[in-house]
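J.: With the sequences and hints as input, model every part of the structure.
Protein chains: 4
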Amino acid sequence: MDHLKNIARLLITCPDKPGIVASVTNFLYSHGVNITTLDQYSTDAEGGNFFMRLEFQTPHMDISAPALEKAFAEVIAPKFEMQWHISYGANIKRTAILVSRFDHCLQELLWLYKRGKLDTEIAMVISNHPDLKEDVEAYGIPFHYIPVKKGDKGASEQAMLELMEGKVDLVVLARYMQILSGDFVSHFPQQIINIHHSFLPAFVGADPYRQAYEKGVKLIGATAHYVIEELDAGPIIEQDVARVSHRHSIEKMKDLGQDLERTILANAVKWYLEDRIILAGNKTIVFE
Amino acid sequence: MDHLKNIARLLITCPDKPGIVASVTNFLYSHGVNITTLDQYSTDAEGGNFFMRLEFQTPHMDISAPALEKAFAEVIAPKFEMQWHISYGANIKRTAILVSRFDHCLQELLWLYKRGKLDTEIAMVISNHPDLKEDVEAYGIPFHYIPVKKGDKGASEQAMLELMEGKVDLVVLARYMQILSGDFVSHFPQQIINIHHSFLPAFVGADPYRQAYEKGVKLIGATAHYVIEELDAGPIIEQDVARVSHRHSIEKMKDLGQDLERTILANAVKWYLEDRIILAGNKTIVFE
Amino acid sequence: MDHLKNIARLLITCPDKPGIVASVTNFLYSHGVNITTLDQYSTDAEGGNFFMRLEFQTPHMDISAPALEKAFAEVIAPKFEMQWHISYGANIKRTAILVSRFDHCLQELLWLYKRGKLDTEIAMVISNHPDLKEDVEAYGIPFHYIPVKKGDKGASEQAMLELMEGKVDLVVLARYMQILSGDFVSHFPQQIINIHHSFLPAFVGADPYRQAYEKGVKLIGATAHYVIEELDAGPIIEQDVARVSHRHSIEKMKDLGQDLERTILANAVKWYLEDRIILAGNKTIVFE
Amino acid sequence: MDHLKNIARLLITCPDKPGIVASVTNFLYSHGVNITTLDQYSTDAEGGNFFMRLEFQTPHMDISAPALEKAFAEVIAPKFEMQWHISYGANIKRTAILVSRFDHCLQELLWLYKRGKLDTEIAMVISNHPDLKEDVEAYGIPFHYIPVKKGDKGASEQAMLELMEGKVDLVVLARYMQILSGDFVSHFPQQIINIHHSFLPAFVGADPYRQAYEKGVKLIGATAHYVIEELDAGPIIEQDVARVSHRHSIEKMKDLGQDLERTILANAVKWYLEDRIILAGNKTIVFE
Chain C
2 MDHLKNIARL LITCPDKPGI VASVTNFLYS HGVNITTLDQ YSTDAEGGNF
52 FMRLEFQTPH MDISAPALEK AFAEVIAPKF EMQWHISYGA NIKRTAILVS
102 RFDHCLQELL WLYKRGKLDT EIAMVISNHP DLKEDVEAYG IPFHYIPVKK
152 GDKGASEQAM LELMEGKVDL VVLARYMQIL SGDFVSHFPQ QIINIHHSFL
202 PAFVGADPYR QAYEKGVKLI GATAHYVIEE LDAGPIIEQD VARVSHRHSI
252 EKMKDLGQDL ERTILANAVK WYLEDRIILA GNKTIVFE
Chain B
2 MDHLKNIARL LITCPDKPGI VASVTNFLYS HGVNITTLDQ YSTDAEGGNF
52 FMRLEFQTPH MDISAPALEK AFAEVIAPKF EMQWHISYGA NIKRTAILVS
102 RFDHCLQELL WLYKRGKLDT EIAMVISNHP DLKEDVEAYG IPFHYIPVKK
152 GDKGASEQAM LELMEGKVDL VVLARYMQIL SGDFVSHFPQ QIINIHHSFL
202 PAFVGADPYR QAYEKGVKLI GATAHYVIEE LDAGPIIEQD VARVSHRHSI
252 EKMKDLGQDL ERTILANAVK WYLEDRIILA GNKTIVFE
Chain S
2 MDHLKNIARL LITCPDKPGI VASVTNFLYS HGVNITTLDQ YSTDAEGGNF
52 FMRLEFQTPH MDISAPALEK AFAEVIAPKF EMQWHISYGA NIKRTAILVS
102 RFDHCLQELL WLYKRGKLDT EIAMVISNHP DLKEDVEAYG IPFHYIPVKK
152 GDKGASEQAM LELMEGKVDL VVLARYMQIL SGDFVSHFPQ QIINIHHSFL
202 PAFVGADPYR QAYEKGVKLI GATAHYVIEE LDAGPIIEQD VARVSHRHSI
252 EKMKDLGQDL ERTILANAVK WYLEDRIILA GNKTIVFE
Chain D
2 MDHLKNIARL LITCPDKPGI VASVTNFLYS HGVNITTLDQ YSTDAEGGNF
52 FMRLEFQTPH MDISAPALEK AFAEVIAPKF EMQWHISYGA NIKRTAILVS
102 RFDHCLQELL WLYKRGKLDT EIAMVISNHP DLKEDVEAYG IPFHYIPVKK
152 GDKGASEQAM LELMEGKVDL VVLARYMQIL SGDFVSHFPQ QIINIHHSFL
202 PAFVGADPYR QAYEKGVKLI GATAHYVIEE LDAGPIIEQD VARVSHRHSI
252 EKMKDLGQDL ERTILANAVK WYLEDRIILA GNKTIVFE
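Chains as they are written, first to last, in this note's numbering: chain C, 2 to 289; chain B, 2 to 289; chain S, 2 to 289; chain D, 2 to 289.
To be clear, the hints were calculated from the coordinates, so they are not data collected in a lab.
Do not take every clue at face value.
Said to hold, decoys possible - In silico EDC-like pairs for lysine to aspartate or glutamate, Cα to Cα no more than 16 Å straight-line:
1) LYS115(B) with ASP120(D)
2) LYS253(C) with ASP120(S)
3) LYS253(S) with ASP120(C)
4) LYS118(S) with ASP256(C)
5) LYS115(S) with GLU135(C)
6) LYS154(C) with ASP120(C)
T.: Here it is in structure tokens:
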């Protein structure tokens, strides 16, 4: 991925006060990097929180990456009580995709991957069903079939952990129909992205599309979010909706829902891989 | 409203079985009416429910309206166990608008009304605050200030009933911030339309825009619905959403929400006045 | 395709006058068919044109399909000067896809096809480049590589005609980058669907995305249309747009454009296969 | 407008090279201003153009506004060959609205104005028809009726210039149906905003809605743009579309078009008043 070789991105969160932008850009400039994109956002100039994303070019940087980070950690970060992180394009992020039987989200990701539109290496696909093995391997990507035995979810999670821990940077639940334990989730903080349907109003319980149909909703939607222990309550990354009418059967609603899901999940994954998402408590700041 | 003078609309709900369309169109044709629009929908050809809306021209009708209805009631309706209703454009529907202090929905309706885009006579505006009196009277529409005394909502509802009962066909809650009693609602079955904000996910409790902001939703929405006794649970007529990002303050979200509310409520009111909405249990069939 | 076995669809165009719906539905009813969907539209009740689409179930039809058509042709059609056509679900439509190198539209159609969402048999894919051969054959669909020699387009069109004429009902140009001759087009009247980019304002000449970028448009779009001899001027079937800003590079605009193209073309193809499109002069009536 | 009292905005255009953000933010920080929003965009890090918008708080600024500007002009601007402008919230922009008979755009702007959503003083409304005088004066805004005599447009333009020149910062053409001369336009460079309908494809000549209807377009749109001498060719500020189908009469299309026009024009005007638009040749960079 040549277009990433010389790129780095700095994400910052800190209390807002005067001088942050000046300090950070000055520091980077003085080390020979060229800032190409700067996005910042403050919840409030007085007493609010400040968020910033900088993308910069490193070919003329006058020190090594570790030295830059050391200097930043000593000179800039403490002055503003910053939480910060620099990622380097040269360190390609590795992604694992978890999937069950529905293949629409998986296929969209694989297709984008093949066309070079995802800045990642898809390291593996894991499924609790063997069905999609051939489709995945046609892309030259390892496929692992890890069934979930009723009453012994722990074993399958353990097997997945062994495959993934330390080996992937992002876990995408591309319609993986198993609920992950809080323990499993804790191994990948802010590293698991899920997609699920959303309705106005929300429907709880089984078969939400049937409920939506019976309620006569005029919109159906989907939400991509980080996974936290509490089910479907993680920070929202992206949402969208499509119009429906009484003419949409449940089947047609589901088709539309799948179209939403694959687009929305793909966007959320792209933004993650391009370091565009900053977590702020239970919400996300997305610098699209 | 000259364009309505010769128009009538027939709405039908019945169990689906073969021959409904043929029978109804035949009947109308044999009485000299010219069908200009026919919309129908069946939940299932076998054992489903059937819904139909016909708009027709009456100038060459060979019998009077009462005679037509009598014939229909005797010849067609029983054969198919129909619930049905004919409305005549010449009988202009009368509308009452209930409003509190926010004027965005009211202003949109008044503006459309003035331009001849609402097939109704706005018979009155009622408010629990005196603020909008002047704005309403500038349109030549009677304004009634009926305050709601704490602990005695009954008195104000009684006053409103006296003004409206038998005198209006539609009650529009254009951001009327009082909860109407089940008793009041029962005087206007499927005749009260309300607008309220909607979010993915839904937020209960006070200040939902603040909750939406704090949750970092990427969409805000609004829903127009019929009012039933259970709060905000009535059949949905229309919904829409707008995109927001972290850059939207709560204030900006509310502005956007108001833009949604006025458009969505106006559409729902138009559809009601044009007899485009059929209630089917707790959902609506809208023949847009 | 079992869900199509018992379905037939009747499309009608004629001058509007009273009694059309009654006559047609009566006729069908008297022959034991059950109308499940009826859409009609009139440009004007007086002196306008009338369009109707009926979908009906044939299991209890009391005569054969040819007999039904003969009766309709003799009894109903002449009375109203109808142009009409009945298609039967049991006669699966056959589709040829023409493609060059861009695969996004092709992949979307193949993927929908595999999932059973297109009511057709994809009989062949033809390309002027060999690149996509493997992708197509993985679906078990014949792939024909027919290069276009400079200055001798006639030979390739002749080769395509031999493969397709009488053997396909629909030709989809899924980003086929050759201009078809008027002669070729005349073999498939209202049977060729193309997709192309659309902008506000329109840009003529080379590299329209660059022009759109330089003009700073805020929307990019795409249009699916029937192919007629005059380039890109055929009747519009479907259109959509996506928002862009100055932040979208030409590359990103093209990605978004491809997403639009695949969705819009897929919808147009679905509607064609479901007999939802009626041509009215140079415009389409689409009964979605 | 208290919320504007302490705000200033700096807009910058220059060739991109390293150090711009650092220099500018450093300069401002050293003078005690607090940057609350910074948006920047570069067409290309190497040899491209750089655009930046900063919003900052001035209460703790250590020098006067003129002194700040003088210092910036001497120390920062020349180093980067900047075109730049600082506007101060305390200097409320004055707006003139030009209108003919259609009132939808005017009403929207007046309504937003009354609610405090436009950061401007509407100094006057000018019309070539007397019809809207009463509506405008109800808001306490001066209304000037300046008819346009056939063959003597010059006189009316001269009368308008006398009213507006040096007295307004922005001229909004809210469906003003007269073509302004190049000479008139040259008095208000990048200060006149117009709204007009847009279609895919574009239609030239009279009655574009009829043409769109006859062509069967599936989308109608509108564009807000700066006015330059060449008609409707000025830089685009904002665009949007709405879906239509064959069911939309020309009348209904126009209603929808008016809804688009009022929203899009209002957005463009808001962005202008908040200094969010930078002109880059014939395109706009809008920092929404």
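J.: If a hint holds in the structure, say so; if it does not, say that too.
T.: A quick look at each hint next to the structure:
{"no.": "1", "hint": "LYS115(B) with ASP120(D)", "in the structure": "violated (28 Å)"}
{"no.": "2", "hint": "LYS253(C) with ASP120(S)", "in the structure": "holds (14 Å)"}
{"no.": "3", "hint": "LYS253(S) with ASP120(C)", "in the structure": "holds (14 Å)"}
{"no.": "4", "hint": "LYS118(S) with ASP256(C)", "in the structure": "holds (9 Å)"}
{"no.": "5", "hint": "LYS115(S) with GLU135(C)", "in the structure": "holds (15 Å)"}
{"no.": "6", "hint": "LYS154(C) with ASP120(C)", "in the structure": "violated (32 Å)"}
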